[in-house]
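Visitor: Listed here are the chains, written in short residue letters.
2 protein chains.
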Amino acid sequence: MNRFRIDMAYNGKNFSGFQIQPNKRTIQEEIEKVLSFLLKENVKIYASGRTDAGVSALCQVAHFDTEKEIIEKKLLDSLNALLPNDISILKVESVSGEFDARFSAKKKTYRYHFYISKYSHPIFDEYATRIYDYADVNLMQEACKYFIGTFDFKSFVSKKSGKTDFVRTVYDAKIISLENGIYAFEITGNGFLYNMVRIIFGTLTQVGYGKIKPQDVVKIIDGQDRSLSGRTMPSKALMLKNVDYN
Amino acid sequence: MNRFRIDMAYNGKNFSGFQIQPNKRTIQEEIEKVLSFLLKENVKIYASGRTDAGVSALCQVAHFDTEKEIIEKKLLDSLNALLPNDISILKVESVSGEFDARFSAKKKTYRYHFYISKYSHPIFDEYATRIYDYADVNLMQEACKYFIGTFDFKSFVSKKSGKTDFVRTVYDAKIISLENGIYAFEITGNGFLYNMVRIIFGTLTQVGYGKIKPQDVVKIIDGQDRSLSGRTMPSKALMLKNVDYN
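Sequence lines, in order, name chains C and P. Last residue of the first sequence: number 229 in my numbering, and the count goes up by one each step with no gaps. Last residue of the second sequence: number 229 in my numbering, and the count goes up by one each step with no gaps.
The hints are simulated quantities; they were obtained by calculation from the structure and are not laboratory data. Careful, some of the hints might be misleading.
Identical copies carry no separate label here, and so any pair may be met within one copy or between two of them.
[Claimed, not checked] As a list, the in silico DSBU-like pairs of lysine-lysine whose alpha-carbon atoms are at most 35 Å apart:
hint	residue 1	residue 2
1	K57	K194
2	K7	K219
3	K56	K146
4	K89	K101
5	K101	K57
6	K101	K27
7	K51	K101
8	K196	K74
The whole structure should be built from the sequences, with the hints applied where relevant.
Guide: Below you can see the structure in the form of C-alpha cells.
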C-alpha cells in the first residue's frame, strides 16, 4: 500500500461543501471520482477537515492510499486535466504511512474577506462580505487578541455540531488590510469547530459596530453559550488558507 | 440645466461592455434606465470612455445633465437601491457645466490581473488570466518601461478600431506583485485605444516567454503594424482602475 498527499485549491461557490453527501455536488466526490477512474480502483481521500458549503480553499490537504504505482507528476497532470475548473490540484507527493492529513495537521489558517461600505460592491462582493460603513476596524483589530489562547469555544460553535469537546488553541488572529479597501481576518489554530471562524467574525463585527467592547470577548468565551456571540457570517468570504504539518 | 458627475464600479462579467447596443445588456443602459426612472425624464450619461465586453471598473466616471433639482446623497442611495448587483454607484457630485467626463479626463489607469502557473487556478481564474509557468516576470517588468512615453500605438490597436490617430502618452507602466502569486500589470496614460491594454499585455507575455526581448518593444512600436505585437488577452482580467481629472 502506498500513501500520497494531495494539496488542492477549490472555489467553493458551486459546491455543497467538501464532504460527500448523497445528491449533492461535493469536492470529495469530484476528486474521488477522477482518482478512481485514473487508478482503476476505488479510491477514498481523507482531508485535513471538511469545509462547509460555499467555503473555498487556497490550500486544502488530503491523503489517499493505493495499491498502484504512481508517477506523481503524471498523476498531477492527469488530475488537473480531468477535474472540473473549480478544483485544482497543486501537488501530489508520496508520503509515509504515518502521514494522516487530518491527525498529523498541527495548524490551520483560515481567512475571511470583508470590506466596509454603505453599499455593496459589484467586484468585492464575489468573495468578500460587506460590513456597514460605521464599523471601526481598529476596534475589531483590538478584539482579535482576546481570541488568542487555549479556550473552550462553545460560544462559537454551531448548535448543529456533533462535537462535545470545544477546547481549541488559537495561535494567531488579526486583521490585514489588503488592497483597495479589502480586509482579511486571518486566524490560525490547532483546529476549528463547525462554523467557528464565521461566528468569531460575526462577533468581531459586533465589536466594530460598537455594540460590544473588544474586551467583552473574554466574557463571551467564558459564558460558553452560543447566544452570547455574533451571528454566523456568510460562507462565500471564507477560505481555508493553509494546513501546517510541522 | 444642472450637471452631475457619477463615479461607479461594475463587474463586467455579465455585460456586453459599457456602451449601449441593441439587444445587449450594457452598463450604460442599466444606469440610464434607473436614472431616467428616478428623475422622470430621459437621461443620457457620458462616460470617460467605453469599456469592452467583460471588462470591469473599480472606478469609471460619467456625467449627465438634468433639469431636475437633485439631492446628491438621496440620488446616490436611490441609484444603489435600484441598480442590479453588478453595478454600484460610488459618488454623485454636482459639477460645473465645463466638466466633461470624457474630455476633461487627464489620465486613466488600467489594471490587468494575471498569475503564473502550469495549471489554471479555481479562485484566481475568476478575475485573472493565467500565463504559463515558464514566464519570467522580471523580463516582463523590464519591458514595461519601453511603453512609457508618447508614441504612435498603431501596433497595439484592434483592426476594428475606427480611430485614425494612434498617438497616445503612457505615463507609467509596471508590474505589481499582489498576494498569493497574483500580479497586476498597471498602466497609466492620457487615453487608450481599442484593445490597447490587452494587446500590450499580450506583448508582455511574449517577452515573459522569451520569444522576444524587452527592448524589442521599441521595434514593435516603431513598426506601427498590429501583426508585430502579441495577442489580445482575455477581457475578464482587465479593470479600469481610475480616471484622473487634475
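Visitor: Please go over all the hints and tell whether each is borne out by the structure.
Guide: Checked hints:
Proximity of K57 and K194 under a CA criterion of 35 Å is satisfied inter-copy only: 27 Å between copies versus 55 Å inside one chain copy. Proximity of K7 to K219 under the C-alpha cut-off of 35 Å is found in both arrangements, the shortest distances being 18 Å within a copy and 29 Å between copies. When the C-alpha separation of K56 and K146 is checked against a cutoff of 35 Å, the pair qualifies neither within a copy, at 38 Å, nor between copies, at 49 Å. Taking the shortest Cα distances, K89 and K101 sit within 35 Å of each other only across copies (29 Å), while inside one copy they are farther apart (39 Å).
For the homomeric pair K101 and K57, the shortest alpha-carbon distance between copies (13 Å) is at most 35 Å, but the shortest distance inside one copy (49 Å) is not. In the homo-oligomer, the alpha carbons of K101 and K27 lie at most 35 Å apart only across protomers (26 Å), although the nearest pairing inside one protomer, at 46 Å, exceeds that limit. For a Cα distance limit of 35 Å, the shortest separation of K51 from K101 across copies, 25 Å, qualifies, whereas the shortest one inside one copy, 56 Å, does not. In the homo-oligomer, the alpha carbons of K196 and K74 lie at most 35 Å apart only across protomers (32 Å), although the nearest pairing inside one protomer, at 43 Å, exceeds that limit.
In summary, the one numbered hint that this structure violates is 3.
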